[in-house]
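Here the protein sequences line up with chains A and B, keeping their order. When the first sequence is numbered by the numbering used here, its final residue is 1875 and no position is left out of the sequence of numbers. When the second sequence is numbered by the numbering used here, its final residue is 168 and no position is left out of the sequence of numbers.
Worth double-checking, as some hints may not be accurate.
[To be verified] A partial selection of chain B residues facing chain A, derived with a Cβ cut-off under 8 Å:
#1 ASN11
#2 TRP16
#3 PRO17
#4 ASP35
#5 LEU60
#6 PHE153
[As the list claims (entries may be wrong)] Facing chain A, from chain B, some residues (calculated, C-beta under 10 Å):
#7 SER77
#8 ARG78
#9 ILE106
Quick caveat, the hints were computed from the structure, so don't treat them as lab data. It should be emphasised that the depicted structure is a prediction, and the values quoted were computed from it without experimental measurement. C-beta: ideal position from N, C-alpha, C; glycine also.
Listed below, chain by chain, are the residues.
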Amino acid sequence: MEELGNLWHGFAVAATLPNLGFMLIGITLGVLIGVLPGLGGANGVAILLPLTFSMNPTSAIIMLSCIYWGALFGGAITSILFNIPGEPWSVATTFDGFPMAQQGKAAQALTAAFTSSFVGALFAVLLITFLAPLLAKFALKFGPAEYFAVQLLTFCSFVGMSKEPPAKTIASMMLGFALAAVGLDNVTGQLRMTYGVPELLKGFDFLIAVIGLFGIGEILLTMEEGLAFKGRSARISPAVVWQTWKEIARHWRTFLRSVAVGCWMGITPGGATPASFMSYGMARRFSKDPQAFGKGEIQGVIAPETAAHAAGTSALLPMLTLGIPGSPTAAVLLGGLLIWGLQPGPMLFVEQKDFVWGLIASMYLGNLVGLIVVLTTVPFWAAILRVPFSVIAPVIIVVCAIGAYTVHSAMFDVAMMLVFGVLGYLFKKLKYPLAPMVLALVLGDMAEASFRQAMLGSQGSLSVFWSNPLVGTITALALTLLVWPLWGGAQNLVRAREARHSGAAG
Amino acid sequence: MSSSEGDQNVGTRWPEVGLAAFLMVLAVLVISDSIRVGTGWADDGPRSGYFPFYVGSLLLLSSGWIFLTRLMRWSRDRAVFAERSQLALVLAVLVPMCVYVGLIYPLGIYLPSALLIAYFMKRYGGYRWPAFMSVSVAVPLVFFAVFERWFLVPLPKGPIERLLGL
């Protein structure tokens, strides 16, 4: 019960007046980012990160994580009212959310979505509260070999669980690692892959990559779809909220299933987007009336929203305890921690108790504040979406350019942002996943350092990754996930052959 | 991307092969530089090229695989990348964006931002000058207040800001 005492102390840190103020600002900015196309959790946090350098780390991370919660909430508004997913993880919410809005039940759909988001996040935070200290204590035993094995597990699970072709996932990931290696090698002091370009000395900053890939790339994609937003308006009254709460309480099984899916996908770096689709699929499969899905079934809103928020929140668990982010946005938050001189990982729980527990307490408070904010301000956000794209698009481009510039006060970064933007557009169009590239860019140096240290310990023999049961288990698990698609492919092959045989016989 | 089947659509095969080839070139750059700095062992452990060499090799393998499989399916590949009209829209944003970034170098960020917003609102929104003038002047002013005054983060400035003594 040590956790409860720590948590109580955390609330004392988080619930001061200035921190509550930052929470409110963060949530509002986050919803705005979630509502606007081209700005999302990852690049929104990346753009606002330089603004927090002068704040104290606890307040800064509280504000940044609240931007993240806000973005998770905001994605649902555009999906339901405008049939435009503001965020990739709210695509599944459009399937039933928009039909509900068309039937005049927009307020119910929004209430269900916000409440589900809150429930998903709440369970994920409970999980973090009780699991994170245990995991951190366990991870204190890790050496470099174990760390590299865990990182291997992260990246292998991308290859194994991604819907995209494995070759594209690997290519995207390796591009991230290669970009991370550019510049000064911290161990030997040698320059790598700079080819005489002085701007490359400090390497590629992942914040620039995130702003370009997700921001500029998204604008280009949105442009392709045309420029018109046509949507419904909605106002949420307390009576509707109460009624909807009573209705969705009957679907507690859907909630529990979605929370489980979401937490699992968040901790393993599956991320919020696949979690929302998986959870939607499961809700339909277990439903008594699968035909109703896609036509305005409230469970079709509950399932993806709960899972997306649970995944988005639990992605912070491996980030805090192991220093390995479970999602691109968690990766950006990790980058922030490093900039403030906080090394995420098990030692954080020993050395920075105030910070960690303040953050965890702020997750409870932030989501509660978020729920209240979005329930009361929906008409305002719907009005923002009526501002034409011809006004919003250039403003977002300007925001991205400012964001890219402020990271290092370098114009080279703004130009690189454009390059990453085009790359992001091509990657999205050709179905290369972006998340592995961003995570590889963030974790590249860390992965290389632990790999080198492990190799140094074993004098260059790969057997170090099987040298004890702990590291052996993790490595074996990683390799299993890596070859998982092969197993699926082989099954399909066998099935196809059987089908052909039976077809020939019959 | 000159070859396209239908008149309306651009196929995915040129972009696919082009991107894979681009990644292969990057991979070769990574590998060759890793060999330059050394991929083996020195007295104090693995040399600088040790890890990037494997990264580059895997990148070459995976992008080479994509490249080859696309070439093998070349004539059967009928997937659509985008319609021509859509690509025209994308270029219509991309080109002003590049001009914008190019203008920031000599002019600072504020004036090009105003120009970009005015251009978009006039060209795509069909706004008249009172509307686009007011928005395109107001937005950079707000950014100036927020960044330079409130958060004390300096942004790039040009001759006009210098004239105004900012």
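Structure versus earlier hints, numbers of those that do not hold, lowest first: Violated hints (numbers, rising): 1, 2, 7 and 8; every other hint is consistent with the structure.
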